[in-house]
Amino acid sequence: MSIVNSLSPRAVSAPESGIVEVVNYARGREGLLPLWVGEGDLPSPEFINKAAMDALAGGETFYTYQRGIPELRQALSDYYARHFGITLPVEHFYVTGSGMQAIQIAVQALTSPGDEFVYLTPSWPNIAAALEIAGARSVGVQLQFEGGKWDVDLGRIEAAITSKTKALFVNTPSNPTGWTATREDLAAILALARKHDLWILADEIYARYYFAGDRAPSFLDVMDGDDKVMFVNSFSKNWSMTGWRVGWIVAPPQTGQVLENLIQYSTSGVAQFMQRGALAALNEGDAFVQSNIDKARQSRDILCDALISTNRVQTLKPDGALYAFLKIDGVTDSRRAAIDIVDKTGVGLAPGTAFGPGGELFMRACFLRNPAQIRTAAERLCDYILKL
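Take the position in the sequence shown, starting the count at 1, then add 78; the result is the number in our numbering.
If you are wondering where the hints come from, they were derived from the structure by calculation, not from laboratory data. For glycine and all other residues, C-beta sits at the position ideal for the given N, C-alpha and C. It is possible that part of the hints are untrue.
[As the list claims (entries may be wrong)] Pair ranges (Cβ atoms, derived):
(1) T139 / S84: 36 to 44 angstroms
(2) I81 / S344: 40 to 48 angstroms
(3) S84 / D305: 38 to 46 angstroms
(4) G408 / E236: 34 to 42 angstroms
(5) G136 / D461: 51 to 59 angstroms
(6) S387 / Q451: 25 to 33 angstroms
(7) D132 / S369: 41 to 49 angstroms
(8) Q451 / V90: 35 to 43 angstroms
(9) E236 / K465: 42 to 50 angstroms
(10) G408 / S80: 38 to 46 angstroms
(11) R160 / T139: 25 to 33 angstroms
(12) S344 / D292: 31 to 39 angstroms
(13) S369 / G136: 24 to 32 angstroms
Build out the structure end to end from the sequences listed, making use of the hints.
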């Protein structure tokens with residue numbers, strides 16, 4: 079028996095990321111325009127870096143609060159008051175080692191082996207993988223795609239619910255499709271969860287990247303205090319902190335000791351000096367976030383207008399998130415196309431095969447970059463597409 083076969087079957091069956099596969103294939107090429115992963119082109123701003131460096135120099139290198147330092151949890155409460163118009167005491171907030179760890183902890187808290195978790199596809203692949211590794215079963219329900227627009231079918235969601243279903247995972251605005259639930263959509267999904275006594279795990283990481291208003295509709299707008307809703311989020315996108323790996327959970331206070339225990343037995347908490355950087359992001363970063371949003375809007379328009387003008391691409395400008403999810407006429411294998419595109423154009427796209435059922439014929443491009451770079455990428459892609 080090989081060494082690998084002696085490992086846990088759940089670990090061995092964890093899929094290779096289809097996004098990372100393409101990234102590793104072309105990483106470091108000269109002249110590359112990397113639109114494949116969900117991050118912008120700016121490093122973390124100086125005011126965030128300085129706060130972390132000052133804390134590091136000041137000796138904040140010891141064990142710290144598993145739930146997060148009190149100042150950061152209060153800043154999260156203040157952030158939600160400013161941008162979501164809701165007062166949530168600090169007991170609702172838990173700092174995690176990235177948005178991905180927030181998802182892992184939530185999955186551990188909400189499921190047992192054999193439970194089912196319904197999620198909407200195409201989807202960021204990590205949620206399904208996290209569920210399967212935990213021993214739960216991920217059940218994908220496809221969004222509808224028509225005329226370049228994505229939409230949700232509540233009937234499909236309810237049809238996927240069984241006696242084993244424990245929770246619904248809802249990412250809106252969506253990675254990769256840009257689908258953004260309306261307030262009415264969220265109320266209907268919440269009613270469905272109440273009817274079947276299910277948890278909702280809400281990934282609202284892109285809530286501020288909403289191009290039809292100040293922020294996207296949130297479950298916070300429609301839920302009551304006793305609803306079983308848990309939120310996962312991250313500092314990565316808003317404040318250009320993808321490499322920091324700091325996130326948070328918003329959850330009912332009654333779950334606090336359970337979540338603290340799960341953090342304790344995974345990372346034992348986020349480094350305090352990193353939390354100081356996150357604190358500065360919340361307290362001083364609103365203008366920086368707005369500049370990122372404005373840049374994303376401008377670059378979205380440049381990329382989508384150019385692609386649509388070819389008459390060879392099915393897509394619309396997304397209402398939210400950071401991605402154009404495009405269907406190119408004649409492309410039937412998006413993984414092979416992603417390799418071909420990066421070879422011939424120097425533009426890195428993520429293949430739709432990485433995003434599960436319904437995504438196979440699509441490509442994802444992240445547009446949170448300098449508009450001049452996006453214009454160059456759009457020109458290269460259009461030239462490629464028109465030659466197919």
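Comparing the hints with the structure gives:
no. : hint                            : result
1   : T139 / S84: 36 to 44 angstroms  : holds (38 angstroms)
2   : I81 / S344: 40 to 48 angstroms  : violated (25 angstroms)
3   : S84 / D305: 38 to 46 angstroms  : holds (44 angstroms)
4   : G408 / E236: 34 to 42 angstroms : holds (36 angstroms)
5   : G136 / D461: 51 to 59 angstroms : holds (53 angstroms)
6   : S387 / Q451: 25 to 33 angstroms : violated (19 angstroms)
7   : D132 / S369: 41 to 49 angstroms : violated (24 angstroms)
8   : Q451 / V90: 35 to 43 angstroms  : holds (39 angstroms)
9   : E236 / K465: 42 to 50 angstroms : holds (45 angstroms)
10  : G408 / S80: 38 to 46 angstroms  : holds (41 angstroms)
11  : R160 / T139: 25 to 33 angstroms : holds (31 angstroms)
12  : S344 / D292: 31 to 39 angstroms : holds (34 angstroms)
13  : S369 / G136: 24 to 32 angstroms : holds (29 angstroms)
Figure legend: structure checked against the earlier numbered hints; hints not met, in rising order: 2, 6 and 7.
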